[in-house]
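J.: The task is simple: from the sequences and hints, build the whole structure.
For the record, the sequence lines run as chains V and D. The numbers in this note's numbering rise by one with no breaks, and the one at position 219 of the first sequence is 219. The number in this note's numbering is simply the position in the second sequence, starting from 1, with 363 added.
Read the hints as simulated data drawn from the structure, not as lab findings. Remember, it's a predicted structure, so these values are computed and weren't measured experimentally.
Computed far set for chain V versus chain D, every beta-carbon distance over 12 Å:
1. R11
2. F46
3. V197
Okay, the calculated beta carbon distance ranges per label pair:
4. D:R717 to V:F91: 55 to 65 Å
5. D:S411 to V:S105: 34 to 44 Å
6. D:G457 to V:Y90: 18 to 28 Å
From the three backbone atoms N, C-alpha and C, an ideal C-beta is built for every residue, glycine too.
The lines below spell out each chain.
2 protein chains.
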Amino acid sequence: MTTLKNDRLLRALLRQPVDRTPIWVMRQAGRYLPEYREVRQQAGDFMSLCRNPELACEVTLQPLRRFPLDAAILFSDILTIPDAMGLGLYFETGEGPRFERPVRSAADIDALPIPDPEGKLRYVMDAVRLIRRELDGRVPLIGFAGSPWTLATYMVEGGPSKNFSRIKGLLYGQPKLLHQLLDKLSQAVANYLNAQVAAGAQALMIFDSWGGVLSTPAFQEFSLDYAARVLANLQREADGRRVPVIFFTKGGGQWLERMAAAGFDCLGIDWTLEMKDARARVGDRVALQGNLDPATLYGPPDVIRAEVARTLASYGHGPGHVFNLGHGIHPQVDPAHMLALVEAVHELSAPYHRPERPGSALD
Amino acid sequence: MTTLKNDRLLRALLRQPVDRTPIWVMRQAGRYLPEYREVRQQAGDFMSLCRNPELACEVTLQPLRRFPLDAAILFSDILTIPDAMGLGLYFETGEGPRFERPVRSAADIDALPIPDPEGKLRYVMDAVRLIRRELDGRVPLIGFAGSPWTLATYMVEGGPSKNFSRIKGLLYGQPKLLHQLLDKLSQAVANYLNAQVAAGAQALMIFDSWGGVLSTPAFQEFSLDYAARVLANLQREADGRRVPVIFFTKGGGQWLERMAAAGFDCLGIDWTLEMKDARARVGDRVALQGNLDPATLYGPPDVIRAEVARTLASYGHGPGHVFNLGHGIHPQVDPAHMLALVEAVHELSAPYHRPERPGSALD
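T.: Encoded structure:
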């Protein structure tokens with residue numbers, strides 16, 4: 001195995017000292033980059049791009065050629081697992097993902113196979129292996145999956161939903177059935193993430209995109225408990241290093257204490273919270289990733305720089321901060337503004353990692 | 364003026380003692396009721412229904428005929444103000460509101476008139492007057508408006524938005540322009556709400572539907588400060604009673620302390636927070652309204668009853684709780700389930716309003 005030349009991300013995720021705050025950006029490989037749009041057009045539809053390891057590798061590496069980022073993230077989709085379970089994933093333009101065969105009954109749930117990651121999902125593992133080889137130790141590679149709750153939501157709704165009436169109908173009307181589905185998904189997600197680690201992923205992120213639509217007890221019972229079950233079944237070491245796990249519930253800021261207690265190494269934070277407050281609530285139990293409003297990148301470079309400065313100051317001195325947006329970068333963003341963001345984090349973060357002196361004004 | 368026979372809502376909003384927890388439900392006049400769908404069809408489109416005081420009065424009263432609710436809420440839309448400003452509001456089926464002439468430039472903002480509530484918005488005031496007469500003091504009537512930030516969001520985006528790129532582009536790129544728009548809207552909203560009080564509204568609610576998409580400092584500067592400015596300009600007394608004001612930011616649970624400090628009488632709480640935690644954070648500064656997940660009503664009556672019991676117990680003993688869903692009732696809900704909700708609140712809440720005795724197990 002090649003030595004990892006830049007391990008800032010892995011160190012920060014484990015709250016170890018770093019020279020400056022690492023930065024990567026959700027959807028850093030994506031539509032805001034003209035070179036991505038070119039490859040996407042070449043591939044045809046979105047899933048054809050995901051299913052082609054060479055093209056997935058190419059778009060994963062594109063943002064690293066432009067910006068001095070501290071991590072790569074596998075280019076893929078959170079719905080590869082339900083697709084491999086036979087639900088027939090497809091995308092309608094401007095509409096988000098849909099399934100040809102959504103899950104609607106006990107029989108549907110019973111019939112779901114737990115996919116072999118090196119079988120129907122081999123294209124993902126091939127992409128991970130290829131990206132690791134091409135990265136050549138430059139920065140670590142983050143693998144990811146959707147949380148069991150989030151996968152279940154998409155699988156049961158089958159398409160865009162405003163009220164989540166089907167999945168919540170199940171939750172309040174037939175909770176046992178939902179537990180069966182989540183149990184199966186927890187196994188599938190753990191297998192999938194373990195296979196990504198075996199293929200070369202050096203950190204993992206679990207995206208709980210829809211956890212924020214739940215009440216507190218329902219979040220605990222149907223989202224967090226199953227994400228924690230995935231975590232308990234993960235292979236946590238690779239290349240002699242710990243594999244840190246990030247958990248991110250969009251709109252889940254009210255549950256930070258619970259999420260920190262669940263054992264993840266790092267929690268994603270959206271921009272509705274102040275880093276200072278989030279850090280005060282979780283103490284030294286977890287690292288925090290975030291949390292600039294992605295829309296900040298519509299502003300001019302001086303505004304972006306000021307917002308970066310504010311975010312860094314809000315987190316304050318010491319380890320455990322991974323800089324990121326609070327959600328994926330928007331397709332409309334000018335890549336020059338993304339560069340302004342990455343450079344600002346690099347330039348402005350170093351003072352927060354110098355040893356603290358008594359009377360220092362930085363903290 | 365007729366005497367108000369049921370003043371539980373007004374008392375609870377001001378944290379005064381009541382015999383049981385009052386309940387009303389956001390969108391209680393709406394599509395889940397077959398008699399509403401009939402009137403709606405008769406009216407033609409949604410705005411024709413809003414613009415017809417007799418029909419608006421009829422649908423406002425419909426839920427009160429079925430359920431022993433403790434309040435009526437004016438049937439109208441939060442976008443009547445921008446419509447009266449000349450933006451041309453219309454609804455596309457399943458798509459939400461759109462404007463024919465969205466606000467896109469400094470000239471657009473300059474040109475916006477502040478509507479006379481008894482001019483272009485007279486249909487709203489006529490509806491308020493008619494509803495008050497028809498209610499005959501049975502329960503109080505709640506008037507409402509969108510917050511300046513929420514109106515601005517719709518006016519600038521012009522239609523459904525995923526990323527709020529236009530309004531946030533303004534916020535991060537041309538904040539002065541946005542302040543001009545919000546300043547104008549604050550005046551328009553205050554005039555509109557004062558006219559509703561003059562016409563007969565006995566409590567007011569400000570819906571900040573999109574405040575939750577902002578970062579904490581942006582929420583303070585662009586949403587809360589302007590809602591507070593509206594509040595400062597409101598007529599707070601009618602019929603010799605105080606007119607309580609409810610403020611509700613969907614997804615704004617992280618900002619409760621700030622909102623409580625802004626001077627509203629009551630804060631709306633969505634279902635992602637526990638009432639117990641919300642109450643602990645705001646203390647006796649404000650009443651709290653909420654917070655059952657609207658999707659609970661997909662469950663059977665025994666589940667609804669258990670969730671009502673849990674919510675009442677979470678708020679605990681004493682005054683200041685107005686029961687409601689954490690958002691509008693969904694169109695798919697069976698009216699029998701709404702009845703189960705209202706009856707459960709009536710039956711289960713009385714013990715929480717009996718004088719506390721030392722050693723009582725209720726609190």
